[in-house]
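Novice: These protein sequence lines map, in sequence, to chains W and G.
Taken in order, the first sequence gives residues 1 to 111; the numbers are from the numbering used here.
Taken in order, the second sequence gives residues 1 to 112; the numbers are from the numbering used here.
It should be emphasised that the hints constitute simulated quantities derived from the structure, not laboratory data.
Cβ atoms here follow ideal geometry from the backbone N, Cα and C, with glycine treated the same way.
Just so you know, not all the hints are guaranteed correct.
[Unchecked claim] According to the in silico footprint, chain W covers these stretches of chain G (three or more CB under 8 Å from chain W):
hint, segment
1, 31 to 42
2, 48 to 61
3, 88 to 96
[Said to hold, decoys possible] What the simulated footprint calls covered on chain W by chain G, stretch by stretch (three residues with Cβ under 8 Å from a Cβ of chain G suffice, anywhere in the stretch; the number is not a length):
hint, segment
4, 13 to 25
5, 28 to 41
6, 63 to 69
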Amino acid sequence: NAGVTQTPKFQVLKTGQSMTLQCAQDMNHEYMSWYRQDPGMGLRLIHYSVGAGITDQGEVPNGYNVSRSTTEDFPLRLLSAAPSQTSVYFCASRRRGEKLFFGSGTQLSVL
Amino acid sequence: LAKTTQPISMDSYEGQEVNITCSHNNIATNDYITWYQQFPSQGPRFIIQGYKTKVTNEVASLFIPADRKSSTLSLPRVSLSDTAVYYCLVGDRGNYGQNFVFGPGTRLSVLP
């Protein structure tokens, strides 16, 4: 099992550009989620999904879109990047009642 | 949502036992206590989970008093590689985890 795979590991964007952060898991987990982590802070939940076709907003959803067309994939889209979205992004998944598995993160800089 | 409070940072020396206490005064009946560890440039990793009394695994112990309003993560004989941020989370294990809140955690520095 590869676990939770995130791509890319690093990305630099200009203000206003769009991009998609990819997240895939091979553990057949129902739940997938995206977090952002700013320097010296904990993780804040952006969006989550409890199954294919089901998504919902977390604590800080503005500026981000998600979709869940398959159990394995949960991409995060930035429609118009802003400097305030400079952060490290983590994808996580779990089976209900079990521990969260995290990806290795994507470091995003918006200039 | 049960809010947790932990020390922002702690220092220790190699070989010592480290105890990190987390306060969760409004923990609910169905809530479990879970600890995660995060190394720099990595995602958090599960350490241990418990509901009451004591839980022990190969890396840590978790002590939970009868009133469950706090918990203590114990790391025996720490090494330099235990330098990390430790997060205490409280939530209903029966849900998916969307209500788990990662606060700033406790930054543990292990010195030689």
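Novice: If a hint holds in the structure, say so; if it does not, say that too.
Specialist: A quick look at each hint next to the structure:
1. With a threshold of 8 Å between beta carbons, the proposed coverage of the segment 31 to 42 of chain G by chain W holds, since 4 of its residues qualify and at least three are required.
2. Only when three residues or more bring their CB closer than 8 Å to a CB of chain W does the claim for the segment 48 to 61 of chain G stand; here the count is 1, and the claim is violated.
3. Note: the segment 88 to 96 of chain G has 4 residues with beta-carbon separation from chain W under 8 Å; the three-residue rule is met and the coverage holds.
4. With 0 residues carrying a beta carbon less than 8 Å from a beta carbon of chain G, the segment 13 to 25 of chain W misses the three-residue requirement, and the given coverage is violated.
5. Against chain G, the segment 28 to 41 of chain W contributes 6 residues with a C-beta closer than 8 Å to a partner C-beta. That satisfies the three-residue criterion, and the hint holds.
6. Under a criterion of three residues with beta carbons nearer than 8 Å to beta carbons of chain G, the stated coverage of the segment 63 to 69 of chain W fails, only 0 such residues being counted.
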